[in-house]
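Asker: Next come the chains, spelled out residue by residue.
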Amino acid sequence: MIFMYKVLKKEILAPSIKLFQIGAPLVARKAMAGQFIILRVHARGERIPLTIADFDREKGLITCVFQEVGKTTRELGALDEGDCVQDFVGPLGVPSQIDNYGRVVCVGGGVGVAPVYPIARALREAGNEVIGVMGARTADLVFWEDKMKAACSELQVTTDDGSYARKGFVTDVLQEVIEKKGDIALCIAIGPPPMMRAVANLTRKYNLKTIVSLNSLMVDGTGMCGCCRVTVGGETKFTCVDGPEFDGHLVDFDELARRSVIYKPQEQAALNLYNKKSSQKCHCCGGGE
Amino acid sequence: MTEKKRIISTKNPMPTQDPLVRASNFNEVALGYSKEAVMAEANRCLHCKNEPCRQGCPVEIDIPAFIKLAAQGDFKGAIGKIKEKNALPGVCGRVCPQENQCEKYCTLGKKHEPVAIGRIERYCADWELAHGAPIPETSTPKGKKVAIVGSGPSGLTCAADLAKRGYQVTIFEALHVAGGVLMYGIPEFRLPKAVVQAEVQNLKKLGVDIQVNAVVGKFASVDELRKGFGFDAVFIGTGAGLPYFMNIPGENACGVYSANEFLTRTNLMKAYLFPEYDTPIRIGRKVAVLGGGNVAMDSARTALRLGAEESWIVYRRSRVELPARHEEVEHAAEEGVQFKFLTSPTSILYNDDYWVTGMECLEYELGEPDESGRRRPVPIKGSEFVIDVDTVVVAIGQGPNPLVPRTTEGLACNRRGNIIADGKTGATSLPSIFAGGDVVTGAATVILAMGAGKTAARAIDAYLADK
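Residue numbers (our numbering), protein chains in the order written: chain A, 1 to 289; chain B, 1 to 467.
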């Protein structure tokens with residue numbers, strides 16, 4: 001059993017948002033909606049968590065969608081089909097709790113559409129009426145509309161600037177859905193932390209239970225280091241083993257935001273160095289943006 | 001012995017890097033004996049008839065025999081003798097607390113300093129590393145498979161012993177490299193990672209298969225290892241990987257690390273080589289390490305090496321109660337680590353950006369002895385004061401990682417979450433499932449975990465022989 005974690009498919013979903021399908025049979029075998037993996041691009045790389053966007057147990061495939069923001073995600077994005085990542089471990093974290101709740105809303109913002117997709121699909125399969133709400137900053141960043149449409153009973157799309165579908169934030173759409181439909185049993189919201197906070201603030205008013213999926217910094221991802229600790233309802237939890245999903249009404253989003261930028265200066269320095277190096281090496285790719 | 005041996009009362013000194021130099025590098029502190037020194041040291045052994053040292057060795061090394069060979073300069077023979085019992089001599093020779101083990105029983109030690117058994121062991125291991133290890137011998141294959149969960153000291157030892165007995169052994173390791181705490185916890189300057197990996201390579205030569213990136217309890221449960229993957233027995237050696245926190249206000253502020261995170265970033269992920277390696281670590285000007293064990297000393301010494309101006313050990317008892325090895329405390333002090341005894345924090349202070357700015361503490365005095373036999377620290381009323389620090393490392397202990405117990409139905413655990421296992425066999429409440437090391441005992445030493453791995457290997461062999 002020696003595994004090469006090979007990139008079998010690479011797709012560019014939007015500028016700086018990429019999809020990788022990676023061969024990892026032992027991970028795929030057990031993967032469930034809501035879980036994540038940790039990977040290292042190369043032997044000197046850091047361990048980064050990525051939420052599972054899809055999986056194929058029979059073919060042994062895991063799909064991850066990520067946005068290139070720092071050095072590691074850019075290095076990952078620079079891999080091509082046929083290349084391998086150094087390490088790939090999972091499935092980690094607690095899976096989403098899939099039940100027949102009745103009517104649920106699944107909100108995906110930005111790259112968060114990817115992890116929300118398998119949850120929406122599983123909820124639909126469990127007999128729920130799934131109302132999908134997906135939002136992006138602008139038209140270019142909209143992806144997986146077709147997949148979401150297929151997974152949800154109905155889907156609404158919005159862009160912040162109105163360049164596609166309607167104009168507005170996911171919270172605007174969500175409020176309409178709540179007002180119009182009523183009787184919603186559960187809301188799942190995944191996206192940038194400010195979006196999840198906004199959704200939680202909105203649903204709190206309606207007393208609508210809301211699950212968010214956190215993207216804390218991690219090292220091992222198995223409960224060993226506590227890097228990912230977050231305060232939920234006044235208690236410290238580890239995102240990696242207690243989460244990544246928590247009750248959005250109880251998460252201390254202020255703390256989450258502050259802890260997520262602990263290494264900002266180092267991350268910026270590493271990115272600058274990477275950009276400088278790749279622009280020296282090759283003028284046709286990298287180095288820009 | 002023909003003539004009465006002349007007693008040399010002190011150990012040959014271990015050469016070390018100068019404290020002021022080493023406090024800013026990650027190279028090994030103890031440099032190792034020369035050939036002359038190791039032979040001289042080995043010659044101090046009195047070769048007592050009753051061999052008292054052997055009772056102090058959890059992995060049952062024939063200590064007098066290897067020392068005799070080392071004294072003659074036969075290091076090949078000496079390391080061969082050690083490896084009959086111990087698969088990790090380079091590790092043990094460095095981090096085993098010999099003063100509480102073999103050397104504690106050394107006859108010479110009654111009046112003088114004991115023979116430096118650990119240092120001799122280390123020399124022999126390093127000699128082999130430099131000269132190349134022979135292909136190890138194994139028994140005829142037994143046609144049975146054993147899974148080892150975790151590749152720390154207990155798992156590696158159990159794996160080696162079972163492989164030697166002819167079992168087909170697979171180790172499942174959650175992280176991306178084998179070695180467990182030897183890789184993520186113990187710093188490079190005490191235990192070079194190349195030494196650990198060389199010993200892991202020797203295990204592979206024994207035919208042990210090592211699967212990294214494999215979190216048991218996630219990709220497969222222990223039960224599935226038995227049934228789906230067809231392993232005839234399983235040894236659980238998942239260690240004490242769950243960090244304890246103080247549960248005081250401010251503990252989630254930026255700049256507060258668990259010792260596990262602090263050391264894992266530095267050792268496993270090589271954050272001290274950032275940006276050559278990608279994992280960052282953030283070290284402030286003044287670091288407080290909470291706790292008094294070896295992990296605390298490792299953290300405080302690491303902080304200095306990462307560039308902290310001041311590194312403090314904050315411990316609620318006094319110097320004599322420090323649970324760390326004496327040698328580690330001395331090394332830390334030499335390097336400039338400072339100590340604040342009889343002090344414990346009540347809250348961590350932070351600024352508007354949530355970064356640590358200080359630590360409010362209480363002074364303590366020692367009261368009556370508690371159940372551990374140590375005098376209980378009692379807070380002094382009104383003694384609150386603030387220590388000016390910007391980084392806090394919490395090193396007050398670790399518990400067992402619950403991942404495997406939680407996913408193994410019927411596995412009996414105690415109140416603290418440790419797996420309950422028979423001390424003589426490692427047998428758990430489930431047939432064919434054995435356990436040993438820190439996950440059973442709570443955080444202890446490398447050598448005790450290795451002893452548990454050895455015990456379990458013997459019991460697994462006996463169990464499978466009956467099948």
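A couple of the hints might just be wrong.
[Claimed, not checked] Chain B side only, calculated, beta carbon under 7 Å to chain A, not exhaustive:
id: 1; residue: K218
id: 2; residue: P243
id: 3; residue: N260
id: 4; residue: G293
id: 5; residue: T357
id: 6; residue: E360
id: 7; residue: E409
[Said to hold, decoys possible] To spell it out: a stretch of chain A is covered by chain B in this simulated footprint if at least three of its residues, at any positions, have a beta carbon under 8 Å from a beta carbon of chain B; those stretches are:
id: 8; segment: 20-31
id: 9; segment: 43-57
These are calculated hints, taken from the structure and not from any lab test. Ideal Cβ positions, reconstructed from N, Cα and C, are used throughout, including at glycine.
Asker: So, for every hint listed, does it hold in this structure?
Answerer: So, going through the hints one by one against the coordinates:
1. K218: holds, 6 Å
2. P243: Check passed: Cβ of P243 (chain B) comes within 5 Å of chain A, closer than 7 Å.
3. N260: holds, 5 Å
4. G293: violated, 17 Å
5. T357: With Cβ-Cβ at 14 Å, over 7 Å, it is violated.
6. E360: Not OK, violated: E360 (chain B) not within 7 Å of chain A, min 19 Å.
7. E409: Check failed: Cβ of E409 (chain B) comes no nearer than 16 Å to chain A, outside 7 Å.
8. 20-31: holds (count 4)
9. 43-57: This one holds; 4 residues, not fewer than the three required, reach chain B with a Cβ under 8 Å.
Consistency with the previously given hints fails for numbers 4, 5, 6, 7, ordered from lowest to highest.
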